[in-house]
Amino acid sequence: MKRRLAIVLLTLGTIGGYAAGFASLRCHSGQRRQHFEHHVAKICVDAARHAEAPPPPPPR
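First residue of the sequence shown: 64, per our numbering; consecutive thereafter.
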């Protein structure tokens with residue numbers, strides 16, 4: 064009887080954990096996308112600021 068109860072509780076915990084994980088993924092997807100877009104924009108701005116100017120043409 065204890066074994067069956069342990070199996071049932073572990074099964075319910077596993078199902079509940081997966082359900083909570085999927086709910087979290089669904090709920091926070093917009094925040095993750097916004098964070099990623101902000102990260103990419105920051106990298107692009109940093110790259111543009113540190114870009115080297117092309118060398119001047121040689122004198123004639």
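Note that these hints are calculated values from the structure, not bench results.
Be careful, since some hints might not be right.
Claimed, not checked - Label pairs and their computed distance ranges (CB to CB):
#, residue 1, residue 2, range
1, C90, P119, 52 to 62 Å
2, R95, R123, 52 to 62 Å
3, G80, V108, 46 to 56 Å
4, A116, A82, 48 to 58 Å
5, T74, R96, 25 to 35 Å
6, K65, D109, 27 to 37 Å
7, R89, P117, 32 to 42 Å
8, A110, T74, 29 to 39 Å
9, M64, G93, 40 to 50 Å
10, A116, R96, 27 to 37 Å
11, I70, C107, 51 to 61 Å
12, T77, E100, 28 to 38 Å
Yeah, the Cβ is synthetic: ideal placement off N, Cα and C, and Gly gets one too.
Does the Cβ distance between A116 and R96 fall inside 27 to 37 Å? Roughly 34 Å apart at Cβ, these two residues keep to the hinted range, so it holds.
Take the C-beta atom of I70 and the C-beta atom of C107, compute their distance, and say whether it sits inside 51 to 61 Å. Between I70 and C107, where Cβ atoms are some 53 Å apart, the hint holds.
Supplied distance hint 46 to 56 Å, evaluated on CB atoms of G80 and V108: violated (40 Å)
Do T77 and E100 keep their Cβ atoms within the hinted range of 28 to 38 Å? holds (34 Å)
Between the beta carbons of C90 and P119, is the distance compatible with 52 to 62 Å? 55 Å Cβ-Cβ, so the 52 to 62 Å window holds.
Between A110 and T74, does the beta-carbon spacing fit 29 to 39 Å? For T74 against A110, whose Cβ atoms are near 50 Å apart, the range 29 to 39 Å is violated.
Has the hinted range 32 to 42 Å been met by the Cβ atoms of R89 and P117? Since the Cβ atoms of R89 and P117 sit about 48 Å apart, the hinted range of 32 to 42 Å is violated.
Starting from the hint 25 to 35 Å, judge whether the C-beta atoms of T74 and R96 obey it. Cβ of T74 to Cβ of R96: about 34 Å, so the range 25 to 35 Å holds.
Okay, K65 versus D109 on CB: inside 27 to 37 Å? violated (60 Å)
Evaluate the given range 48 to 58 Å for the C-beta pair formed by A116 and A82. holds (55 Å)
Between the beta carbons of R95 and R123, is the distance compatible with 52 to 62 Å? For R123 against R95, whose Cβ atoms are near 55 Å apart, the range 52 to 62 Å holds.
Given a hint of 40 to 50 Å, does the C-beta separation of M64 and G93 actually sit inside it? Given a distance of about 47 Å, which is inside 40 to 50 Å, the answer is holds.
Violated hints, in rising order: 3, 6, 7, 8; the structure is consistent with all others.
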